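J.: Two chains, two frames, a set of hints: combine them into the complex.
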Amino acid sequence: MRTISYREALREGLSEEIERDENVVIIGEEVAQYNGAYKVTEGMWKKYGDKRIVDAPISEAGFIGMGVGASMLGLRPVMELMFFSFAYVAWDQMINNASAVRYMSGGKINCPIVIRGPANGGTGVGATHSHTPENAIANVPGLKVVCPATAYDAKGLIKSAIRDNDPVYFMENTLLYGEMGEVPEEEYLVPIGKAEVKRQGKDLTIVAHGRCTIIALKAAEILQAEHDLDVEVVDLRSIRPLDEETIVESVRKTHRVLLVEENKPFCGVDAQISHLIQEKCFDDLDAPVKRLSAIDCPAVYSVPLEKHQIPNVDRIIKAALSVG
Amino acid sequence: MPTAEAHRKDSNSTAADTGGYDKAPINDKLLPAEKIKLFREMVRIRHFERRSLEAYNGGKIAGFLHLYIGQEAVAVGSMSVCGKNDHVITAYRDHGHALMAGMSMNECMAEMYGKATGCSKGKGGSMHFFAPDKNYWGGHGIVGGQTPLGLGIAYYLKYKGLQGACLCYMGDGAVNQGAFHESLNLASLWDIPVVYIIENNGYSMGTSQARSSAFTECLAKRAEGYDMAWDRCLGHDVYEVRAKTQEALERAHHESRPTLLEIDTYRYEGHSVADANRKKYRSPEEIENYKNSKDPISLFQNKLITEGILTEEQAGKIEGEAKEESKAAAKFAEESPWPSEESMMEDIYWETDNPSQRASQGRMFFNDEYQQS
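Chains as they are written, first to last, in my numbering: chain A, 1 to 324; chain B, 1 to 373.
Chain B extracted, bound-state conformation (with noise of 0.2 Å):
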């Protein structure tokens, strides 16, 4: 078994390391084509999560809305070195991950606007989307609530013998709940093939890292406490993810070893829409300078312009497309219908939603005005 020694990296190298990711074999091999993918689906989730606020504006998504811009470069890299039975399950700030799955601006768009069209029928809302049919689990609200599912994700495709892993996010607010040290104790101790991935965007809500973590060095090196391999990575270089990605994959696959990767990122706008305070907790300057030298979208678009793939003229035109099925997916979820009031009752059992295979009359509901099935 490898020791977490073994894989320690010092976060001061990684720094260092900017830019070398380029001629990372899972890199080197890519196609101009698959290149200009990667650019595509993060300008698609920028697009889509611009137009998603302006709808949240105009007071036709309800609740909260975590938006994921600044972050595109994390899911879509990451998310592309998957293989066929590697897995997906992050925490609510999930529209990303979703989009990357292959789930539809429209369905996303319409889950969000609670219409019947939505991936959960409006019953999930922003934080929840789900597609299992693409490997990908939600979608959960709860800080940390995500990390124990990872783990039984992951703890199937061990059982069943399959040559996958759990790629399980989370933000750094969730490095201090209980649940997510007990993953990885778990992961470590029963040789689960989990990469749990924090996307550290530096500020749980309102509250800095220096605010809540009393371990001063980086977030992943927690994982020396579990003798689990850990890693650092700058999230706004989408070859550096992958790369870091695809070696932590790799250690889930060949050695069933699970990982704890450490993406350091940035988002642009608040906690959620609702979070008043986002341009107080931190300078607006701060925010500035980060747009302005470490935007993953820019940055990557400049090292294609430069390796000569992309033109200026097709990212715009590329940009100009996503607006546009963004545009057309918020239409899409304006016209789409509500629910109906009985679908309120649908989708709680199973069972009630089988009820040619229930086996007993017992009543599952409890409501005067919507009887039982």
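One chain only, chain A, in its complex shape (with noise of 0.2 Å):
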């Protein structure tokens, strides 16, 4: 199969569902004219013309709030955040309009929107740009959130993102718009909702999102060449909904939990996921659930301290070994 990175495949996805949906259109910062900050759009525009891919001026809260309300009509607008960080800025538009219309309005309203954008530290832009929120918008009934961590998913998942009909926060990492993956040439859409097993183990599960998954996959390696550890990693790829059946299925098989995300450790979407396992596992387990997440201070700037600060392959292989 061929590879592609995963910000072509993104780029792949949002093409094909432009050219499928007259009523998608990509807004954001320089998203057209200049090829999108980190590339993803590049081309789009020149491709679909000003109708399709719009520049919008530095105005999150002004743009995103636009494509909300152009939801609610039937347009699919695909909104682009150049840092998930800036969400903020849109933060009322976000979570009390997209998130509680169709409450409110006693389901009369939809609200088709997707928000994505890369989520992420460890690139050395310190506190304001490396924000992790998918737990604080999973918190919020009415909304989705997916992270996913390959090429393959990037692709499914934007689709089905773009098809669903509620408000789908979709984040990307900046870390891996340059890493290849197997894509196929023919359609495919991943649904939101599903986990996958990215290596199957039989001694301890390490359940992860985004990019943590990747070096996860890493650490895994090293696990069982040095440590004889055999690690099964699931990969979430969605927050909410939450694949609870395959997170519980390979719980009961190992016995033993390691949860790693780059989000900071309160209240973070390990912490649910922990709640799950103790609900559900109670009797499976051998040991306590053990959590890796961002070292709980503010994204600091300083290289080798971000590199220390969110969760790295070797401090991945110390949690893993130390799960009793």
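Keep in mind that the hints were calculated from the coordinates and are not lab data. Since the structure is predicted, the reported quantities are computational estimates derived from the model, not experimental observations. Watch out, some of these pointers could steer you wrong.
What the hints assert, rightly or not - No farther apart than 27 Å at their CA atoms in a straight line, the calculated lysine-lysine pairs in the BS3-like style are these:
1. B/Lys331 / A/Lys108
2. B/Lys35 / B/Lys294
3. A/Lys108 / B/Lys160
4. A/Lys51 / B/Lys84
5. A/Lys253 / A/Lys202
6. B/Lys303 / B/Lys37
7. A/Lys280 / A/Lys253
8. B/Lys84 / B/Lys37
9. A/Lys307 / A/Lys198
10. B/Lys84 / A/Lys108
11. B/Lys327 / B/Lys35
12. B/Lys134 / A/Lys108
13. B/Lys60 / A/Lys108
14. A/Lys47 / B/Lys160
15. B/Lys23 / B/Lys279
16. B/Lys35 / B/Lys323
17. B/Lys294 / B/Lys323
18. B/Lys160 / A/Lys46
19. B/Lys317 / B/Lys37
20. A/Lys159 / A/Lys194
21. B/Lys327 / B/Lys134
22. B/Lys279 / B/Lys294
23. A/Lys51 / B/Lys279
24. A/Lys318 / A/Lys202
25. A/Lys51 / B/Lys160
26. B/Lys158 / A/Lys159
27. B/Lys158 / A/Lys47
28. A/Lys253 / A/Lys194
29. A/Lys318 / A/Lys198
30. B/Lys29 / B/Lys303
31. B/Lys158 / A/Lys46
32. A/Lys194 / A/Lys290
33. A/Lys108 / B/Lys158
34. A/Lys218 / A/Lys290
35. A/Lys194 / A/Lys264
36. B/Lys279 / B/Lys331
37. B/Lys327 / B/Lys317
38. B/Lys160 / B/Lys84
39. A/Lys159 / A/Lys198
40. B/Lys160 / A/Lys159
T.: Printed below as a string of structure tokens:
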């Protein structure tokens, strides 16, 4: 099978949906003439024109809210946030309006919007540009959150997100855009709400999402080779809806769990997963559930410190070996 | 593209125009029955609001209740010139617009009572009435939060090539919110057919305009910073409201250009019913003076009587009918059932409301007591 980058996979998914449905429009800062701050939409403006690929001024509350309003009438806007950290500028629109309009209207109005962009640290851009708000957004009923880790999932999930009739907040990762992966030529979808076992194993389950999945897979190879520990890696792919079955099935198989995420520990996504495991797998566990999150300080600028702050291969190996 | 300069109206001359709009083409062509309908709609809103206040004071309505009494000519006048592709969105003082859009008193009253028969099945309350089938998009609780949504509605119309506009209402308190300014900039930058209407009732809760706006001229003039047309209008004259809104709608329909229209009006009650200081931050005399000299319903009633279209007796009959309709709505709300406990978990996601079309079986809800579908 051919390999393409995560970035190209996203672009293919976006382009296919633009061509499939005239109601799909991409709006964001530098998405058109600049070709995308991270080149996800490169070439799309030239190909699809001003109506479908729209450059917005730096005005997140304004244009994200505009997308929410347009989606209420049936447009399917795909709004790019240059960084998901900028979501906070548009928080009222994303949280108050997009999540609740269906509920407060008694089901009369849908909001089929996609808000996408990178949500990650590890790039030396400091605390204001390194947020990973999947936990905060998944806390809001009415919203869906997905975090693809591979090129294949990025393409399949963006297509599903655009076709979804509910608001989907789609979190990418600047450190993954250049990662290559196998992506078939023919069309496919990855369903929202379905996790995937990315590596089979029998001794320990690592549950991760986004880039942490990729790091966990690297750590798993080392753990196998150097410590004879056979690790299963479950990639959540989707935070809300959450595929509980795949998690539970894996834990019942390995009896030991390490949860890895780039979120901060307090009320991180893994706090919820941990609760789920104790509730559903209490008698299956041979050791307490272990969590590895970003170190609980604002995203630090200094490169060596930041590399240590967010989960990395070394920290995962250490944490995996410490599961009782 | 017309410039803001071309549409600039001096605020002083607007005041001097009082009463000159009877003969504006949009009003001159009105049939007597249509004029009486305008009067009836204003009266209906007022009686609905009075009955709501009674219900609130009787403990039947929870939360906030932002009454429209005094402002009736704004929603009625401006929405009366809307065509089939024109849409409306407003803030939390939304009852007048809802009734004018054609929502029934029953569904609105029942919503405030929190009943299953409410327009939002008891999930929205007073601030969140919606009727998308009537081009009415709410009912929004956060000051200024609806201004980008209104932009989006108009963006949709333009995208689809429909000759329509969105009337997006807000109070004077919204003009200092960032989302409002971002929306004005985008509307003008992208030629979006949106009409932003500031219903300036003088007070953002308890704070007067003088204490909240650094810009001491009229609020609408801020549009000049965005090269947008603006206008000012007296909100107690339903004819003037119609004429000024019509101008803005034509600009939207034919030039795809936005307008910022400031309509001076007054609320007789507090910001909400819970506004304990409503007679402290403004004097009782101020309220009485407005009621006595500028009440939009009395003024229009007198005008119609002078025009020979309406008699005192007919006006009284219309009032009686509105009173009865409001009373019946309260009875309907009172007798309606409460929503079921299960209904709490409906209308959250389209996907869970349409389980046969679910793409996956991922868990949507995280309650122990209400399992996901």
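J.: Against this structure, judge whether each hint is valid.
T.: A quick look at each hint next to the structure:
1. Restraint check for lysine 331 of chain B and lysine 108 of chain A: the C-alpha separation of about 25 Å stays at or below 27 Å, so the hint holds.
2. With a C-alpha separation of about 19 Å, the suggested pairing of lysine 35 of chain B with lysine 294 of chain B holds against the 27 Å cut-off.
3. This hinted pair checks out: lysine 108 of chain A and lysine 160 of chain B have alpha carbons roughly 21 Å apart, not beyond 27 Å.
4. Under the criterion of a C-alpha separation no larger than 27 Å, the hint pairing lysine 51 of chain A with lysine 84 of chain B is consistent with the structure, at around 24 Å.
5. Note on lysine 253 of chain A and lysine 202 of chain A: the hinted pairing holds, with a Cα-Cα distance of about 7 Å set against a maximum of 27 Å.
6. Between the alpha carbons of lysine 303 of chain B and lysine 37 of chain B the distance comes to roughly 14 Å, so the proposed pair stays at or under 27 Å and holds.
7. Proposed proximity of lysine 280 of chain A and lysine 253 of chain A is supported: the alpha carbons are some 13 Å apart, at most 27 Å.
8. Between lysine 84 of chain B and lysine 37 of chain B, the direct Cα distance comes to roughly 18 Å. Compliance with the 27 Å bound is thereby established for this hinted pair.
9. Only pairs whose Cα atoms come within 27 Å are accepted, and lysine 307 of chain A paired with lysine 198 of chain A is accepted, the gap being roughly 24 Å.
10. A C-alpha spacing of about 19 Å is found between lysine 84 of chain B and lysine 108 of chain A, which places the hinted pair at or below 27 Å, so the restraint holds.
11. Under the criterion of a C-alpha separation no larger than 27 Å, the hint pairing lysine 327 of chain B with lysine 35 of chain B is consistent with the structure, at around 25 Å.
12. A distance of roughly 12 Å separates the Cα atoms of lysine 134 of chain B and lysine 108 of chain A; the hinted pair therefore holds under the 27 Å criterion.
13. Distance hint between lysine 60 of chain B and lysine 108 of chain A is fulfilled; the C-alpha atoms sit about 25 Å from each other, no more than 27 Å.
14. For the hint pairing lysine 47 of chain A with lysine 160 of chain B, the CA-to-CA distance comes to about 20 Å; that is within 27 Å, so the pair holds.
15. Taking the CA atoms of lysine 23 of chain B and lysine 279 of chain B, the gap is about 38 Å. The hint is violated against a cut of 27 Å.
16. A distance of roughly 20 Å separates the Cα atoms of lysine 35 of chain B and lysine 323 of chain B; the hinted pair therefore holds under the 27 Å criterion.
17. A C-alpha spacing of about 22 Å is found between lysine 294 of chain B and lysine 323 of chain B, which places the hinted pair at or below 27 Å, so the restraint holds.
18. Annotation: proposed proximity of lysine 160 of chain B to lysine 46 of chain A holds, straight-line Cα distance about 21 Å (limit 27 Å).
19. Of the supplied pair hints, the one linking lysine 317 of chain B and lysine 37 of chain B holds, its CA atoms being roughly 13 Å apart against a limit of 27 Å.
20. For a cut-off of 27 Å, the pair hint linking lysine 159 of chain A to lysine 194 of chain A stands: about 14 Å separates their Cα positions.
21. A hinted pair counts as satisfied when its Cα atoms are at most 27 Å apart, and lysine 327 of chain B with lysine 134 of chain B qualifies at roughly 24 Å.
22. With a C-alpha separation of about 19 Å, the suggested pairing of lysine 279 of chain B with lysine 294 of chain B holds against the 27 Å cut-off.
23. In summary, the hint linking lysine 51 of chain A to lysine 279 of chain B is not supported, as the alpha carbons are separated by about 52 Å, beyond the 27 Å threshold.
24. Restraint check for lysine 318 of chain A and lysine 202 of chain A: satisfied, since their Cα atoms lie roughly 18 Å apart, inside the 27 Å limit.
25. Taken as a hint, the lysine 51 of chain A and lysine 160 of chain B pair is honoured in the structure, with Cα atoms around 11 Å apart against an allowance of 27 Å.
26. Between lysine 158 of chain B and lysine 159 of chain A the CA atoms are separated by roughly 25 Å; this keeps the pair inside 27 Å, and the hint holds.
27. Among the hinted pairs, lysine 158 of chain B with lysine 47 of chain A is consistent with the structure: their alpha-carbon atoms are about 21 Å apart, no more than 27 Å.
28. The straight-line distance between the Cα atoms of lysine 253 of chain A and lysine 194 of chain A is roughly 19 Å, inside the 27 Å bound, and the hint therefore holds.
29. Proposed proximity of lysine 318 of chain A and lysine 198 of chain A is supported: the alpha carbons are some 21 Å apart, at most 27 Å.
30. Of the supplied pair hints, the one linking lysine 29 of chain B and lysine 303 of chain B holds, its CA atoms being roughly 16 Å apart against a limit of 27 Å.
31. In summary, the hint linking lysine 158 of chain B to lysine 46 of chain A is supported, as the alpha carbons are separated by about 22 Å, within the 27 Å threshold.
32. For a cut-off of 27 Å, the pair hint linking lysine 194 of chain A to lysine 290 of chain A stands: about 23 Å separates their Cα positions.
33. Taken as a hint, the lysine 108 of chain A and lysine 158 of chain B pair is honoured in the structure, with Cα atoms around 23 Å apart against an allowance of 27 Å.
34. Restraint check: the Cα-Cα separation between lysine 218 of chain A and lysine 290 of chain A comes to about 19 Å, which is no more than 27 Å; the hinted pair holds.
35. Proximity of lysine 194 of chain A to lysine 264 of chain A is assessed by CA-CA distance (about 24 Å); at most 27 Å being required, the pair is judged to hold.
36. At most 27 Å may separate the alpha-carbon atoms for a hinted pair to count; lysine 279 of chain B and lysine 331 of chain B exceed this at roughly 31 Å.
37. Taking the CA atoms of lysine 327 of chain B and lysine 317 of chain B, the gap is about 15 Å. The hint holds against a cut of 27 Å.
38. Simply put, lysine 160 of chain B and lysine 84 of chain B have alpha-carbon atoms about 15 Å apart, close enough for the 27 Å limit, and the pair holds.
39. The hinted pair formed by lysine 159 of chain A and lysine 198 of chain A meets the criterion: a straight-line CA distance of about 21 Å does not exceed 27 Å.
40. A distance of roughly 22 Å separates the Cα atoms of lysine 160 of chain B and lysine 159 of chain A; the hinted pair therefore holds under the 27 Å criterion.
Comparing the model with each earlier hint shows violations of hints 15, 23, 36; every other hint is respected.
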